[in-house]
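Visitor: Residue numbers (numbering that gives the first Met the number 0), protein chains in the order written: chain A, 0 to 290; chain B, 0 to 288.
FYI, nobody ran anything at the bench for these hints, they're computed from the structure. Yeah, the Cβ is synthetic: ideal placement off N, Cα and C, and Gly gets one too.
The calculated EDC-like cross-link candidates involving lysine to aspartate or glutamate, where the alpha carbons are at most 20 Å apart (straight line), are:
{"no.": "1", "chain 1": "A", "residue 1": "K278", "chain 2": "B", "residue 2": "D84"}
{"no.": "2", "chain 1": "B", "residue 1": "K286", "chain 2": "B", "residue 2": "D84"}
{"no.": "3", "chain 1": "B", "residue 1": "K286", "chain 2": "B", "residue 2": "D165"}
{"no.": "4", "chain 1": "B", "residue 1": "K82", "chain 2": "A", "residue 2": "D233"}
{"no.": "5", "chain 1": "A", "residue 1": "K278", "chain 2": "A", "residue 2": "D233"}
{"no.": "6", "chain 1": "B", "residue 1": "K82", "chain 2": "B", "residue 2": "D165"}
{"no.": "7", "chain 1": "B", "residue 1": "K286", "chain 2": "A", "residue 2": "E85"}
{"no.": "8", "chain 1": "B", "residue 1": "K175", "chain 2": "B", "residue 2": "D165"}
If we take Cβ atoms under 7 Å as the criterion, some of the chain B residues that face chain A in the derived model are:
{"no.": "9", "residue": "L224"}
{"no.": "10", "residue": "V261"}
{"no.": "11", "residue": "Q263"}
{"no.": "12", "residue": "G267"}
{"no.": "13", "residue": "M274"}
Where chain A lies over chain B, by a calculated footprint (3+ residues, C-beta under 8 Å):
{"no.": "14", "stretch": "81 to 90"}
{"no.": "15", "stretch": "96 to 109"}
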Amino acid sequence: MWQQYLMSGLSNGCVYGTVGIGFALVYGSTRIFHLAHGCVVVAAGYGAFVAQRMMGCDPWVAAAAGVGLATLLGLVIEWGIYRPLERRGATWNVFFVASLGTYILVTNAFAAAFGNATQPLRTGVAEPYRFGSLVVSQAQCLKMGCLAVAVPALWMFLTRTRAGLSIRALADNAELASALGNDPGRTRTVIFLLASLLAAVAGVVTAFDLGVQPQMGLGLMLTGAAAVMVAGRDHPLGAAAGGLLIGLAQAMVVRFASARWQEVATFAILALVLLFRPKGLFGVRGRAEEL
Amino acid sequence: MSYISHLAVLFTVYAVLALSLNLVLGYCGLFSLCHGALFGLGAYASALLITRSGASFVLGWALAIPVGVVASLFISVPAGRMKGDAFALSTLVFQVAAIEILNNAVAWTGGPFGVTGIPRPSVFGYVFRSVSVLALLALGVCAGVVVVSWLLARSPFGLSLTAIRDDELAARTLGKNVFRYRLLACGVAGAMAAVAGAVYASYIGYIDPSGFRLGESFVILSMVLLGGAGNLRGPLVGAAVIVGLPELLRFAHLPSTIAPNVQQMIFGALLIVLMFTRPQGLCGLYKQD
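Extracted from the complex, chain B is given alone in its bound form:
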């Protein structure tokens, strides 16, 4: 039972990350290589607040939201007007810079040693040690994020984003302020990714910068590209694939040293094949064309 709960927590963390990237990739049409850093910043913000000041997990998870928004501003304000590949490079700059700061600001973040001893969520002194309860909490957060994404997608804001994504010039002629829409979309996406980080930190209990590097950004990007972007099903399918594939591979009895590499090889091969056969991903809507 706790194994299923463990998978459930991982699924919710990755689902929230996928929905966050979906907002940037599927609705704005922009590649983001910095979601690993946003994930990490949310995790660190929540973890540092909880461990340094003994605050409740609710405050920690809530702090992740403004931290995510502010972090996204560092990307969207300078790069919000840039085209596709320049925007991707700007997110790369942010990713590298953020992780290096997390790594080197030892006095604040513990540097490469990370933050240890993050407690499990507790309410009025009662600690939710059981993974199942934490899984329920995480699923609740994920459900909230799904509802927010669904509302955004159906709202005029979401429709304007798809209009900008499909034809920016036409949207401009209709009076849409592209820069402002990008700021807002990146802000929401940053908040979501940071909340995913906060949940992850409270579950794992220990975080360090190495788990949030460019490689992690690639994993998050692959997940959304595999599952598909532009609707709600795609990111969830992508998260399910990312969490489920390693479990399926257990049946292949690969040696544990090469199992992660084989998983990644399968992702890479799937990405290539999908670009040939189904560019919108397994269940997505937004085709890269």
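In isolation and in its complexed conformation, chain A is listed as follows:
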């Protein structure tokens, strides 16, 4: 029976990891606390919803439409809001507030258009896969597949390609990177493209699993941010491990305590990490004042 909890924890952890890697890419390179990551997730869900329910597309086409729309939204946020603010020399407080404003604006726009209730994307239940006594739903397979594909692909991208190397250079020392000829604008575009793509995929998978509602992005984004902080901000792919850890912790809480305390488990881990290992589990040991 514990395998079932493990499976649930792993698949949820994969979603948190996917969102977290995107958040870590943005945060590590640009120090922007990208609250609007959450509205990219929501936009993907509603994009798929509109394509499937209102235009009657095939689920895969609807998913692609949702991912495309949300990635575009992420890029628009970068080009329209973050880039101009960066040019004016804004500090991270200003970015935080602008991101907050964007999140509020976009989420409430979707709520005004589609209502605050959860809208399902599918009717009926898909047939799950069975491995002995273990039952794995299609959604869980999709979630795990996302992370399983994303992590190696991103690792290859970040270590072997020029664009990936310039992302890491930007994260390490932005001024030096641009002095050596890396175009920060192009690098930032690639960063936000990747991050929004990951968030959009997570959003579409969650939407097909649980339905879409305007607040679904906030919880995912915050858990993704928690995963990033838990794993350490220096390694974007570490957020995958952070997400899995949080997912497994939630599963254990459900198994041994009650499902009511799931959210607390996530933030309890974050609190412990902030207190005792502020640089994250995979980061260098440091003091909280140097964060």
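Got chain A sorted already, so can you dock chain B onto it with the hints?
Guide: Quick look at chain B alone, frame taken from chain A:
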């Protein structure tokens, strides 16, 4: 007349919340995402005392003060030394944890059902049923909080806070114990937010955890960011905007299902525009730079 009184009570509740967040954001330079939880804890403390033991509203509202201070210690003691975004995350942890506890400790707090039947304030058996009198009471509380904020801002304590906010290292070299100042400032802010919750609970008569979630923290944060932080005018202007904008929107005759969402959209858009044009908010002093 009672409509104006209703708006007055709401204004005072939000003004006290804004002044509380102003102390943390405008004078300490720290983002707090947990004011919804502090608001809720004060409301619950006051409501539970009044409904479970029949105490007078004065005791209930007074209990909110120590509850707010103790709650703020849960944030400021672990996180008082942290930098900006780590502090914001710690307040987020507190916000989520506090609301989940309020939601799940059913035996103590009624869980998702909340606390019902909170009576209107009464003195020696005479119940102030009229909203106008309650509005006067609430305005009195708000005036008290404004006076406290004004005195704090002009005091050496307030000046030290602005020094720490503007250049922490320099303040440290001058011998300011940054951690202790943050503890004190968060304590006062927590007390203020909790008192706002107590007043709110006595007015509305029913509270449940859903009104104090992260979304409410965002509303309080938006209010102070819109109105401005760092002085006394900004938070009051922010509170006036938060209370007045929905009333103004009535003239647009929006359907009631989407009216709250449109209000929030306007706030979000205003925040973005303000960050481009006027980062210190409409009337504030502290620019985020």
